[in-house]
Amino acid sequence: MSLWVDRYRPKSLGVLDYHKEQASQLKNLVKQGDFPHLLVYGPSGAGKKTRVTCLLRELYGPSVEKLRMESVSITTPSGKKLDVKTISSNYHIEVNPSDAGIYDRCVVMELVKNAAQTHQLDPSGQRDFKVVVLTEVDSLSVDAQHALRRTMEKYVATCRLILISNSTSRVIPAIRSRCLGVRVAAPTSDQIVSILQMVCKKEGLTLPLELAKKIVDKSERNLRLALLMCESCKVQETPLQDKQEPILPQWQVFLRETARTIMHEQSPKQLMEVRGRLYELLCHNIPIQMIFKGLLKELVSNCDMRLKAAVVEEAAFFEHRVHQGNKGIFHLEAFVAKFMCIYKKFMEDSVIDMF
Amino acid sequence: MDEDYPTPDEEFEMMYADEMEMLNEMEDDFDEPPLKPSAPPTVRRSLNFAGSSASQKDIISSTPSVSSTPAEKVDDLPITSTAPYASSSSSRKRTLDDIFGDIDDIELEEANEKDGHLSKKSCQKLSGDPLFFLDEDINAEPSDHVKEIELIEKINALRKKAFLECHQGQATGSPASLKLKESNTLTKGVPKWPFVSVTSELGDRVYIRVRSDDYLDEEIERVSHKTDSGGLLKNQFSTLKDEALKLLEKRQEAIVAAQEAEIAALMAPDGETSAGTDTDNLWVVKYKPSAYAELLSEESVNRTMLHWLKLWDKVVFNRERKVAVKPKEAKKENRFQKKPFGQVMTDELDEHGRPQYKMVLLCGPPGLGKTTLAHMVAKLAGYNVVEVNASDDRTPEAFHTQLQAATQMKAVMGKDPRPNCLVLDEIDGAPAASIETLIKFVLGKDVGKGRGKKKGNAGVLKRPVICICNDAYVPALRTLRQNAFVLHFPPTGSERLAFRLMTIARKQNIKTDMGAMLALCEKTQNDIRSCLSLLHYFKSQNKPVRLSDIHQSSVGQKDVQKGLFSVWQEVFQIRRSTGAFTEAATAAATKNTNSTPAVKRADTSIASRIQRVLSIVQSHGDYNRLAQGVFENYLNMKLRDSSLNGLVKGLDWFSTTDLLNTEILSSQNYILMPYMSYAFAVWHVLFAGLSWPKIQYPNTAYEVSVKEGHAKQTVAELMKGMPPSIKVNCSESQLVNEVLPLLLEIIVPNFRPVSQQLYSSQEKKDLCNLVSIMIDYNLTYVQERTPEGNYVCNLDPNIEEVVHFGGSKPSRALTYGTKQLVAREIDVEKMRRFEMMALSSQPNEPKDKIKSKSSENQLPSVDISSNGNSDTTGNKKSPPLPNHLRKLRAKPVLKEIQTKDFFGRIVEISLSPSTVKANTEAQLKGDVWFHFKEGFNNAVRKTIRIGDLL
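Residue numbers (UniProt numbering), protein chains in the order written: chain B, 1 to 355; chain H, 1 to 950.
Hint data in this document are derived by calculation from the structure and do not stem from the laboratory. Note that CB positions come from ideal geometry on N, CA and C, so glycine has one too. Watch out, some of these pointers could steer you wrong.
Said to hold, decoys possible - The following residues of chain B were derived to be distant from chain H, with all beta-carbon distances above 10 Å:
no. : residue
1   : R178
2   : P208
3   : R275
To be verified - Coverage of chain H stretches by chain B, computed from C-beta distances (three or more under 8 Å per stretch; other residues unrestricted):
no. : segment
4   : 623-637
5   : 651-658
6   : 690-704
7   : 708-719
Okay, chain B solo, but in the shape it has when bound (with noise of 0.2 Å):
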């Protein structure tokens, strides 16, 4: 009894719901009786997760589940000490190295290196290596990534890394040659209406196939976020309807309404309004990255064809300066500047076509 997305999790990689295929083949990886390190990447809510949980799974057997929390303490170059919280089983050691911020270089150095050069201490384990899951790869300093390529070649007779990311482009190439990289693609949507459907079914309830697709819709093919909706549907209405509307996470209504005051004036005191705004996404630590693609998004999609492109390559620029600059607020209004700019410009220019 708890959330639906954790409730109906598949457990084994033979219950998996969708890439059936990709699941059969890390299946047969596992029977293997080894395998390479894995680069899971793909966008949030697509089950990455999931689908690494299986295969811990299907590696140790049921005993992986048996999890525990450790703060592991670190002490930095410079004399500062850290603690990482860390999620383990008797098999297995899983890491979030973005927790210790612009230090995660040392939790590479000292936890992963750890990690990886003791045995395995149960030789009766199915297995003479452990694995390091290490999340959310894609935002470790390159600093990090280059104090792990080492490791992954040195210790391999021991461990074995997955990585987790979203996008392999933060990732360097000398990290990505040295992994099996397994893609895990959001589901489609009739793949995810099924899964709500399915998941309905064993709550009891009839899900109409008209809300299904609106949730679908809602949640750009993200199934967390899809089943959540869906539970929160259920909680608003016990029998789902058809008109009912599935509620988005507050800060998008917020950003989408912060697109919508600068989509309705362009001036230094909406610019102001605007900030604030900004401001308050940033106070409630919704990253800068989905700040920038929320805002893109709605922009975009009021915008005339022949702007899209200009604003998406502003866009771009502004939000790659994002990650090499430290004041993201600089960078983003910088951004809503600009667009403010060209977007005042073409339709005055389209003003005067009129005439």
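Dock chain H against the given chain B, drawing on the hints supplied.
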């Protein structure tokens, strides 16, 4: 004298009596050399009365007063020569009067005070016939100085000689009658005629007759008639005058000749050598003000300083202040106050006779003459200046010794054993510990490592301390500021400074004009030192100084750091005609770059503005904070930018600045640092307006980061309590972006507002589900009290704050009662789960324990029956005794007790195992058991599980 309230003039006089006195004294000291040939002050003084009685019968009457001045002055001056200078001295007097008001009496008083002859002058004045005190003078004056006696004798001789001459030349007016009159004017007993009583230093009291004006006139006439013949002088007055004029002319000529020679030398091609000769003496030293009146600093500051120093007179010189001299006014006026700057300096002295503030803190930008003022004033007030500056050792220990040396000792050797005045220059650079030492010392809290205790009073500061600093708001000076009288130095007036520079230039034969000097003042921001240095530099180049030269020269520009707000203001505001300097700087700049004739552009030209902003920003240096300030304020400026191109450009520069900064910080590439400042020039050009900008301190970024940190912490707290099986599937970002917003919608199911017992099965199921979800995500409700006194149930950790935007309330929410119900259910469920965990882990544990214990804890009966092989196995299988059934017992003595029957055969004790087993089983199965008389006071026990209660 009888007026109760002083007129404003008098008041002023009283207020500044000290300073006046000092000024005059100084006038005497410093102006003496140049004035000597024309009018020695001593003579002048005597001639004052002489003036009233026109030409005197006996000029020697002035000699007694001469005796009150240093001897040598009398010596080198022929008494006869006084007359010609009378006019000149009085004219000089007038100018002095013009400057300082009526200072005659002060002068006199001062003289009196100096010599301790209080009475004499006033007597003279009153009587109009000063003859009388000649004798008294000789009597009264403690003639400890041989020289003085000699002098008096000399004077007497001269007088006799004059008398003789008088008598020979003209036999009118018998000295006898004069003498008679004299005796009438002065008695030692109380006379019958109107009188003024005068007490001499030794306590002798004499009474002087007060005559009516008519009598005086009569007397004057009489005397003047007598002297009319001019027999007093050996030569004729006219011849004397001619001689004097000739002498003066000669001297003038000599001076002119010397100057001409000097000019010639300068103009000559080998002028460099002459210029080079005076390089060893900096102009700052050379043209240091030599008199109080020459100080360029603000008059009020100077006066306050002097006033404060004079307050020390009581303790340092053991000299009463003016209060004693003017007892009448003093009574009413000894508490007058001046309010020069915020702080009030009172004239009240503490129990040691010291002023209220023991220190003065002079603060102001460099080059205003703070040190000069301190030295000058201290010297004026009769102190020996002991200076401690940044070049000295200023560790607390060294500082302490220096302090003690300066304030408690004085020079034994050397010609002037004057008391010390401590001047602590550049104190803002001293270590905080040293300043602490200073304050402790000054306030008398210093125990001085045992030494101070010895004398008891030794710790009391008895000398003035003047501290000088550039920035009074240095953290180290905080306590000092509270304990010292803070004098802020206002900038010197440009005109005054320029005028002085002109004088100096004239002296140095630099050809220049007032405009150039004013520009120089502006350029150096009225820094006297740099003005002089610059002038010196021009002099060494040996060519006329013109306005353009000053603008073109790159020297003399000061690098002054401005406050954050003033920098932002510079960025956002276009300066209107800031003066000649910037204007011409532009001209110079254009001249340098374009090599076109310097056309005077308007001050608001872009180039000059950029130049200005750049220099200000660069001198500040904290680009990051400056940029943040510009960022948070630029949108509030009045921007006339319809196309928004300016905004885009400006923001582009913001993002570039950020990139630069990141690069500098991450790779320590400080070579890029200079490029940071150019963004400000762009922003200035884009955003600056003419109106006064309203600038707010940029704290939005900080607030945002605080809020962000708070949200992060909330999420971290949430994640800490999540079970690993849930946590493994959601990272922090996923939690924030996807799970939490919807989770908040999910945990608000519909419950009817009825008692829990009346819930339908569906509701019960929902509640159960809700509780399990909330436990999974480590959520619960806590009761909190709002400031209004209401109780509310909030989520803990309060993720609502993280999820909701702009204070928007969730559309649906549980009622207060339901939330409480849920919270209770969560607690109950947590307990249940905990017990379940405990139960599920129990079966393993006891088994292991008992296994290990069974070997040593076996019942004796078993031991006994261990002989019977069949029993042991059965016993092992029997369920182990729980803890509460076990008893402590002594280790059984292993002794073969074999019961034998009568015939000596061993009897087999048949202990049926089944009964034993049944017994223990019965014991275990029962929930209630008791021990009887076994030392337990709570004899009856029962196992109760949480599950049974719930």
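Interface exclusion of B/R275 relative to chain H, criterion Cβ beyond 10 Å | 7 Å, violated
Are at least 3 residues of the segment 623-637 of chain H within less than 8 Å of chain B when you compare beta carbons?
-> holds (count 3)
Establish whether the coverage given for the segment 708-719 of chain H by chain B is satisfied; the threshold is a Cβ-Cβ distance below 8 Å, and no fewer than three residues must meet it.
-> holds (count 5)
Report holds if the minimum CB distance from B/P208 to chain H is greater than 10 Å, and violated otherwise.
-> Holds: least Cβ distance 19 Å, greater than 10 Å.
Minimum Cβ-Cβ distance from B/R178 to chain H exceeds 10 Å = Holds: least Cβ distance 23 Å, greater than 10 Å.
Are 3 or more residues of the segment 651-658 of chain H near chain B, judged by a Cβ distance of less than 8 Å?
-> holds (count 6)
How does the coverage statement for the segment 690-704 of chain H fare against chain B, requiring three or more residues with Cβ below 8 Å from a Cβ of that chain?
-> Result for this restraint: holds, n = 3.
Of the hints listed earlier, the one the structure fails to meet is number 3.
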